[in-house]
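Make one complex out of these two single chains by using the hints.
Chains as they are written, first to last, in the numbering used here: chain A, 1 to 226; chain B, 227 to 483.
The hints are simulated quantities; they were obtained by calculation from the structure and are not laboratory data. Glycine included, every Cβ here is placed at the ideal spot set by N, Cα and C. Keep in mind that a hint or two might mislead.
Stated by the list, open to error - Label-pair distances were calculated between CB atoms; the ranges are:
1) A:PRO90 with B:GLN406: 12 to 22 angstroms
2) A:PRO90 with B:ALA457: 22 to 32 angstroms
3) B:TRP251 with A:LEU207: 56 to 66 angstroms
4) B:VAL235 with A:VAL23: 49 to 59 angstroms
5) A:ARG77 with B:TRP251: 42 to 52 angstroms
6) B:ALA411 with A:ASN128: 23 to 33 angstroms
7) B:LEU464 with A:ALA51: 47 to 57 angstroms
8) B:LEU254 with A:ASP166: 53 to 63 angstroms
9) A:ARG144 with B:GLN406: 40 to 50 angstroms
10) A:ALA13 with B:TRP251: 27 to 37 angstroms
11) B:ILE342 with A:SER69: 50 to 60 angstroms
12) B:PHE385 with A:LEU19: 22 to 32 angstroms
13) B:ALA457 with A:ALA51: 21 to 31 angstroms
14) A:LEU185 with B:LEU464: 52 to 62 angstroms
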Amino acid sequence: MRPVSAVPRWVLAFLSLTLATQVAWQARRDTGMAAAPELPPAPGTHALRLASFGEPEGLARLAMVHLQSYRTPDYARLVEWLEAILELDPRSQYPLFSAARVYAETPDPERSRMALDFVYRQFLRDPNRRWPSLAHAALLAKHRLKDLPLARRYAQALQRHATASDVPPWVRQMEIFILEDLNELEAARILVGSLLQSGTLHDPAELRFLEQRLQELERRLAEQNR
Amino acid sequence: MSPALPVTVLVRSVVLEARRGGLPWLALGAVAIGVGLAAFVSQVALTESRALQAAVLAAVWRACVVFLVATQVTASTLREIQDKGLELMLSLPLSRTTQYLARLAGFAACGVALAIVFALPLLAWAPPGAVLLWGASLACEAALVAAAALFFAMTLQQFVPAITATAGLYLLGRSIGAIQAMAAAQLGEPSAASRLAQYAVDAIALVLPRLEAATRTAWLLYEPPAAGTYATAIASLLLYALLLAAGGLFDFHRRSL
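With the rest of the complex left out, here is chain B (with noise of 0.2 angstroms):
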């Protein structure tokens, strides 16, 4: 048997869980209700309608993909664990590493596919280079969600646990810039106190994705990136989630299954 089958198999086997769980009728239903917003908002407009439909979905879209991500990793790898299918899955020849690895190339084909679905029709609001630049970006934001999905279920292995740590990071990642700027913008000589929050916020920036910097609507409205600020929000997302990878695979040798 090649040694290949297997991972393959375990692939397949996390996209079609997310195909029959109705993941897909999901996506296509926040698509229809987004393009519903759209026409609403675009009623009340007084100018840049387009613009204000464009913003409007990519915002609404973008946190689409992340919350069905989320807890679609969230809720199969806790239901795995809940009905001890993982302990059958580890007496399998397969180790731990090609099992963990093989899941999260799932989820993250489950999140590449949601990006496709929706930035398609983006199409219709902005040139085909930004939607595709944006929608690659989306790409990736959603593989680093699911590790990060991946990593909190494995660990806390409890879902609303889980699921507050992912949307917390998440969150903080989308934040994290304004909070460095408010904690730098302070009138006046800054105190002991302030310089040490401040110390304190760079030094949490330190270990979050910036994730302002990737899936910018403005790449929608205005212009894509230059290619450098492109490729350099890119590779933040890919390291990050190989970072949570990484952790992820730690724990998982660690635990005693």
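Looking at chain A on its own, in the form it has when it is part of the complex (with noise of 0.2 angstroms):
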């Protein structure tokens, strides 16, 4: 290699130029994106699988990343695209977990019916390995919607279809723990612990979340209590 001298002035000084030009271009630019763009129309399934190239568990986990990204998204879209993801890879928990833990939480009513209807008509298509998901469903129809017929219908549900031996007995007690005079807490605390007795929950990100969950829970509680 010949010496940095070797190359001429205004070659380095036209290097420079352009690397500052370029670095002082990126800085200029916002980094978080401001405003998400609206949540466009879910793609087909067939559509999603030739876009895996054959690796639908990992597309469907990226892609559930990336709605993640949308803030206030059209939930009629929204369950599309779960819809669509969860049939990309039917054994992941993730579409589920994010209506019923995410999606279903919204303070608007009718979204929450959305979210959590769309986990109650996928838990019926594989009930042994969708329960998680219906059981916080069925505690949110009773403390957030206080809709009580609804929360015992999914009690209900999973006392008829969530048969498997390796489902905890809990479960299918669930109409009972549904119609204890609990407070959203309480019962959240329950069905935290239980999942955790039952070996079903050991994902260090889940439990990370579900812990923030239950510590905004107990402030939101206290701030109506006082």
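Right, here's the structure in full:
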């Protein structure tokens, strides 16, 4: 290699100028997306499968992470996306977890019902794998929507359909749990505790997320009682 | 001189060229970047963070192995053709079949080594049995890609067309199942044109490898495949690699060098 001194000065100046311009240009841009664009219509399952190039499990999870970037999505489209992603990898719990724990917890009851209905419909397709999300959906129906008949319908569905030997017995007694006079925090604590005890809950990200949710719930109830 | 000796020398020279060309460092770099990417995505996941990491790593590393094998084989073969090294080799008392297959064996050995390097770190995310099956399938897939890249490099003799043809064949092999499902899933009465399109897709599928059935991420995330399913997927990869080797030999024997 020849020394740097062999390079003409104008080339060095040109390189420095273009590099400085590039850095300055990029530094001016907003690093975060100030407003996420509107959620586009969901692609068909065939199109998603084609785009996955034989890696549906990876694409399904990355699509869920991408979906999280839309803060206030159109729920009709959101449900279509969740359905398409779940069809791409039917054994993933991610779309159901997000529907029950994130999207159904919106203060808008109509949107919450759309997310809960998605969880219920998908639960019926594979009850022995998808019961954890419907168990939480039953609690939300009772405490957030104050819709006891809906909560009982979910609890009865759990009792009737989640029948595999590895499903914890308390899942089939969900209706009693719903009818008990517990507040939302107590019920949520018992549910998370039972999930931990049954070994269903072990993912570190999920544990972290549920811990944060319990703390938020605690704070909200404390403010209400004040 | 033992007849196996020149073959061993040829295989070794191919592997040595890959090693001296920095292929191991590229592979280790790709492993490190993959681990960084997995650490990042797990931070934004709400649930299934380990499954997300494993799925992303398996997909990225599978693509890395295929890319590294395809570019290594194409670049090495074309350099030998352009430097007249191939003509020199043909003047040696070795049959064209021996020369072609020895070169292919060397490239396949590189592919197997890369598959091992990329499969081993997955032991941190998936059970050993599943990683073993996934890694063995990846090794066969890498051998198939080596055979495809050698075939196209020898026949097309230009870098861009050869690498494009290899990538095209590979991507089509990974998506042909989805394309067939799209062609078959039509609402209402199918027209003559749509029926013709479906037959055309089915006909193309007959001459493609079914790569979406091999090296499945689901084996790492859920449960290993049934023995019959796995054996069929591996046999299909090996059969297609042999087909490509046969095609390459046919072309190489006809070439006037």
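Supplied distance hint 56 to 66 angstroms, evaluated on CB atoms of B:TRP251 and A:LEU207
Taking Cβ atoms as reference, B:TRP251 and A:LEU207 lie about 38 angstroms apart, which means the hint is violated.
Within 53 to 63 angstroms or not, the Cβ separation of B:LEU254 and A:ASP166?
The hinted range 53 to 63 angstroms is violated for B:LEU254 and A:ASP166, with Cβ atoms some 41 angstroms apart.
Look at the Cβ atoms of B:PHE385 and A:LEU19 and judge whether their distance stays inside 22 to 32 angstroms.
At roughly 30 angstroms between Cβ atoms, A:LEU19 and B:PHE385 fall inside 22 to 32 angstroms, so the hint holds.
Verify the CB-CB distance for B:ALA457 and A:ALA51 against the hinted window 21 to 31 angstroms.
Taking Cβ atoms as reference, B:ALA457 and A:ALA51 lie about 29 angstroms apart, which means the hint holds.
The hint says 40 to 50 angstroms between A:ARG144 and B:GLN406; measuring C-beta to C-beta, is that right?
45 angstroms, holds
Between A:ALA13 and B:TRP251, is the Cβ distance one that fits in 27 to 37 angstroms?
34 angstroms, holds
Between B:VAL235 and A:VAL23, does the beta-carbon spacing fit 49 to 59 angstroms?
51 angstroms, holds
Whether the CB-CB distance between B:ALA411 and A:ASN128 falls inside 23 to 33 angstroms
At 28 angstroms between Cβs, range holds.
Falls inside 50 to 60 angstroms, the C-beta gap from B:ILE342 to A:SER69?
37 angstroms, violated
For the pair B:LEU464 and A:ALA51, does the Cβ-Cβ distance stay inside 47 to 57 angstroms?
28 angstroms, violated
Could you tell me whether the CB distance from A:LEU185 to B:LEU464 stays inside 52 to 62 angstroms?
For B:LEU464 against A:LEU185, whose Cβ atoms are near 59 angstroms apart, the range 52 to 62 angstroms holds.
CB-CB spacing for B:ALA457 and A:PRO90 relative to the 22 to 32 angstroms hint:
Holds - the Cβ-Cβ distance for A:PRO90 and B:ALA457, about 25 angstroms, lies within 22 to 32 angstroms.
The structure fails to meet hints 3, 7, 8, 11 from the earlier list, while all remaining hints are met.
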